[in-house]
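Peer 1: Please arrange chain B on chain A, whose structure you already have, making use of the hints.
The primary structure of each chain is shown beneath.
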Amino acid sequence: MPKPFTPKVVTANHLLQGDVIYQTAAGWTRRLQDAEVLTDEADADLRLIDAIQQRDVVVGAYLAEITLQDGLPTPTHFREDFRATGPSNYAHGKQVELH
Amino acid sequence: MYSYSEFDTDFLAARNAQFRTQVERRIAGSLTEDEFKPLRLMNGLYLQLHAYMLRVAIPYGTLNGAKMRKLAEIAERWDKGYGHFTTRQNIQFNWPALKDVPDMLDALAEVGMHAIQTSGNTIRNVTADHFSGAAADEIADPRPVAELLRQWSTDHPEFQFMPRKFKIAITGSPNDRAVTKAHDIGLRMLERDGARGFEVIVGGGLGRTPMIGKVINDFLPEADLLPYLEAIVSVWNQIGRRDNKYKARIKITVHEHGIDEIRRLVDARFVKTRAAFTGVDQQMLREIEGHFAPPSFKATSEARFKDAYHSDPVFRSWADTNLTAHKAPGYKIVSISLKKHGATPGDASSDQMRLMADLAEEFGHDQLRISHEQNVILPHVHISDLPALHARLKSAELATANIGLISDIIACPGMDYCALATARSIPIAQQIANRFDDIKREHDIGQLKIKISGCINACGHHHVGHIGILGLDRAGVESYQITLGGDHTETAAVGDRAGPGFSADDIIPAIERIVDAYLDLRTNEDEPFLDTYRRTGMAPFKAALYPESKAVAAE
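In order, the protein sequences belong to chains A and B.
Quick note on the working numbering: the first sequence kicks off at 1 and runs consecutively.
Quick note on the working numbering: the second sequence kicks off at 1 and runs consecutively.
It should be emphasised that the hints constitute simulated quantities derived from the structure, not laboratory data.
Note that the Cβ used here is the ideal one computed from N, Cα and C, for glycine as well.
Take these hints with a grain of salt, some might be off.
What the hints assert, rightly or not - Chain A regions said to be covered by chain B (calculated; three or more residues, Cβ under 8 Å):
(1) 56–64
(2) 67–79
(3) 82–91
Isolated chain A (complex conformation) (with noise of 0.2 Å):
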């Protein structure tokens, strides 16, 4: 049996600035909670390929693995945690610039 398809969202970099983004059903935002969670296989498939295809405006799509807590999606990986949030080093990035 196939495995279940487990929630995403489509993530890259934006190309001038070069910080992450997510995809929603609009166009791109900076905030993960603002993303639009993908549950459909073929939906997310059709999504990340319309990513892929602004190359003027991102680069590097892929679909990233989510859970929802209280709604909003939220990271399972901790790679994917930190690209939502900054370096644990400095108070840099979106842990700051979000707020």
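Peer 2: Then chain B, alone, in the frame of chain A:
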């Protein structure tokens, strides 16, 4: 220090103008990322976890005040007010925006610096002994040769698309501080019967397959250097594997073909390359040597040093730990620690960079070096100036007395910044340094080199650390593997794996158990960690690291 000729300046201006249009075309959408990526990498621009990263070459780790000040300005103007000095004697800016990078490169060009070939499958920044030109144990200053190699390898048409990257390190001293045995080519300057030459070591490297380099030529006459290196690189360029990037480095080529076969191929190729060199390279070397004339050393009273040494215990501790013997009487080599306890190894703020630039100009004959151990060196300081220098360093939190001690840790950026990393390195380094600072034992522990990498690529040199730490991703959790007994010097050795890895919470106590075991095992305070390890082997350290398995075995 080498200063650019008109040719160099024009070349760099043309190259920067070219990259500016490439960036413009990428932003405008006429270049795809696949087209742009190799172009940006050739100019040192990476896309990392949170941002772009610009890696700037510091050739053989040599800077002057003006260059250091320009790095400070760039960090402030286009980054977040700091830079990260790396194990390849480079500096990395972690937060530039794509559109600003051409301006950053132009700013670098103003002081004769660039980011060319700090990435890509080319010959990278040539690294050298960070005490070059100053060390008491030096046969000759390796920097003129390193500069010749920089000029030869920069934009070398044959070596722009090689199987993989290629790194050359050079030392002019028998005590190897340049890790020559862990480079694609390591050069050790020698003198034989009054003639100068090189021991040429090939096929060393760290990464996923660590190898200690092998001697391909035990005495290469100085004049043959470029044709011989060209022969080595071109042999590898031809037979090095391009089918598998993990088997592409010359260490694998040497391993698969054997050093004798590689030597035979290189010798055959050398006949041709030597014929193509007309001797102009040696004329250029003579000219370059003129740029590296030693400064005019002064002779003054040493009284101020002696007074401070006897009256100020903080100064004395720093002087005992951070100074190295100099070739000129009355002079010392000063190592400025970028490893304040709890700080990020290798990071310096713009203010700190400016202060170091000032100090180099005031007290250090306008010279600075970056060490592969991620510290900054003032190679020529008269000891009468040391008390004043120390006071100024203290004011900028740059006077930590820990060179060569347990808190003088090499750490790669790890998963806090690097897209390739599998775990974080920096917080582990910070916690180890803080822990041993809290218990005030590091001077008692003595010489102990901890080196941390956040992935198997080993930018943090973990294989050659006395204690090496490798961060891995084990089933979605950061896990840290320990190696013991590595050595980066002329007696280079790859460390032995101690056993199963430790979680982020358990790695600091594990390091403490190793250190406690060493303090119990050493014959006396003069036996450094590495000597104890070599005498006792792994067993007692393993028992200390994994007490539970000993308990199980005893049941």
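Peer 1: All the hints need checking, so say for each whether the structure fits it.
Peer 2: Each hint, compared with the structure:
1. 56–64: Our answer is that it holds, as 3 residues pass the Cβ test (under 8 Å) against chain B, meeting three.
2. 67–79: Check passed, 4 qualifying residues.
3. 82–91: With 7 residues closer than 8 Å to chain B, the stretch 82–91 of chain A meets the three-residue bar; holds.
Going through the hint list in order, the structure satisfies each hint without exception.
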